[in-house]
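A.B. asks: Sequence:
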Amino acid sequence: SKVLFTLLIQTTLLTLPLLYIIKSIIEQQPIGEGLQKYIKDVRHQQLLQKFYILWAPVLTITFSVVPEHLRVTFIAVVGFFWLIILSTISSNNNNNNNSSTSNKNNNSSDAME
7 SKVLFTLLIQ TTLLTLPLLY IIKSIIEQQP IGEGLQKYIK DVRHQQLLQK FYILWAPVLT
67 ITFSVVPEHL RVTFIAVVGF FWLIILSTIS SNNNNNNNSS TSNKNNNSSD AME
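Note that this note's numbering has the sequence shown beginning at 7, numbered continuously upward.
Incorrect hints may have been included.
Derived pair list, reagent style SDA-like, types lysine to any residue, alpha-carbon separation capped at 20 angstroms [as the list claims (entries may be wrong)]:
| hint | residue 1 | residue 2 |
| --- | --- | --- |
| 1 | LYS46 | TYR58 |
| 2 | LYS46 | LEU24 |
| 3 | LYS29 | ASP47 |
| 4 | LYS43 | SER96 |
| 5 | LYS29 | ARG49 |
| 6 | LYS29 | LYS46 |
| 7 | LYS8 | LEU65 |
| 8 | LYS56 | THR68 |
| 9 | LYS56 | TRP88 |
| 10 | LYS29 | THR94 |
| 11 | LYS8 | ILE67 |
| 12 | LYS29 | THR17 |
| 13 | LYS46 | PHE57 |
| 14 | LYS56 | LEU22 |
| 15 | LYS29 | TRP88 |
| 16 | LYS8 | SER70 |
| 17 | LYS56 | THR66 |
| 18 | LYS56 | GLN42 |
| 19 | LYS56 | PHE80 |
| 20 | LYS56 | THR21 |
| 21 | LYS56 | ASN98 |
| 22 | LYS8 | THR79 |
| 23 | LYS56 | LEU14 |
| 24 | LYS29 | ILE45 |
| 25 | LYS56 | ILE81 |
| 26 | LYS8 | LEU22 |
| 27 | LYS29 | PHE86 |
| 28 | LYS29 | GLN51 |
Hints are computed from structural coordinates only; laboratory data are not their basis.
Produce the complete structure using the sequences and hints provided.
C.D. replies: In structure tokens:
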């Protein structure tokens with residue numbers, strides 16, 4: 007039940023959306039834009055599928071096999087690699103936005119000539 011709560015409720019409805027909101031605030035963008043990026047990453051970058059593929063087994067192992075005194079360390083090590091994956095997903099989204107913006111700019115300058 008700890009694993010299901012973490013996967014289905016805490017992460018999908020609280021943790022990941024909050025992460026995208028905080029990121030949009032840091033980047034001085036509207037909060038709504040951060041939530042739109044979250045939804046876009048869920049739909050087009052398979053964010054939640056990647057999250058579930060990694061964290062479902064990790065949390066199951068954590069709560070069933072890993073000794074209590076090693077759980078924090080185990081989660082921290084896996085979390086490090088999850089941050090790399092999350093950063094890659096996020097940067098792919100930013101790169102796609104940048105390339106579409108430059109394509110629009112190039113098309114506008116071509117039209118002016």
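A.B. asks: Hint by hint, say whether it matches the structure.
C.D. replies: Each hint, compared with the structure:
{"no.": "1", "hint": "LYS46 to TYR58", "in the structure": "holds, 17 angstroms"}
{"no.": "2", "hint": "LYS46 to LEU24", "in the structure": "holds, 15 angstroms"}
{"no.": "3", "hint": "LYS29 to ASP47", "in the structure": "holds, 14 angstroms"}
{"no.": "4", "hint": "LYS43 to SER96", "in the structure": "holds, 9 angstroms"}
{"no.": "5", "hint": "LYS29 to ARG49", "in the structure": "holds, 19 angstroms"}
{"no.": "6", "hint": "LYS29 to LYS46", "in the structure": "holds, 15 angstroms"}
{"no.": "7", "hint": "LYS8 to LEU65", "in the structure": "holds, 8 angstroms"}
{"no.": "8", "hint": "LYS56 to THR68", "in the structure": "holds, 18 angstroms"}
{"no.": "9", "hint": "LYS56 to TRP88", "in the structure": "holds, 9 angstroms"}
{"no.": "10", "hint": "LYS29 to THR94", "in the structure": "holds, 15 angstroms"}
{"no.": "11", "hint": "LYS8 to ILE67", "in the structure": "holds, 12 angstroms"}
{"no.": "12", "hint": "LYS29 to THR17", "in the structure": "holds, 16 angstroms"}
{"no.": "13", "hint": "LYS46 to PHE57", "in the structure": "holds, 15 angstroms"}
{"no.": "14", "hint": "LYS56 to LEU22", "in the structure": "holds, 13 angstroms"}
{"no.": "15", "hint": "LYS29 to TRP88", "in the structure": "holds, 17 angstroms"}
{"no.": "16", "hint": "LYS8 to SER70", "in the structure": "holds, 11 angstroms"}
{"no.": "17", "hint": "LYS56 to THR66", "in the structure": "holds, 16 angstroms"}
{"no.": "18", "hint": "LYS56 to GLN42", "in the structure": "holds, 19 angstroms"}
{"no.": "19", "hint": "LYS56 to PHE80", "in the structure": "holds, 19 angstroms"}
{"no.": "20", "hint": "LYS56 to THR21", "in the structure": "holds, 15 angstroms"}
{"no.": "21", "hint": "LYS56 to ASN98", "in the structure": "holds, 14 angstroms"}
{"no.": "22", "hint": "LYS8 to THR79", "in the structure": "holds, 18 angstroms"}
{"no.": "23", "hint": "LYS56 to LEU14", "in the structure": "holds, 13 angstroms"}
{"no.": "24", "hint": "LYS29 to ILE45", "in the structure": "holds, 14 angstroms"}
{"no.": "25", "hint": "LYS56 to ILE81", "in the structure": "holds, 16 angstroms"}
{"no.": "26", "hint": "LYS8 to LEU22", "in the structure": "holds, 18 angstroms"}
{"no.": "27", "hint": "LYS29 to PHE86", "in the structure": "holds, 18 angstroms"}
{"no.": "28", "hint": "LYS29 to GLN51", "in the structure": "holds, 17 angstroms"}
Hint compliance for this structure: no hint is broken.
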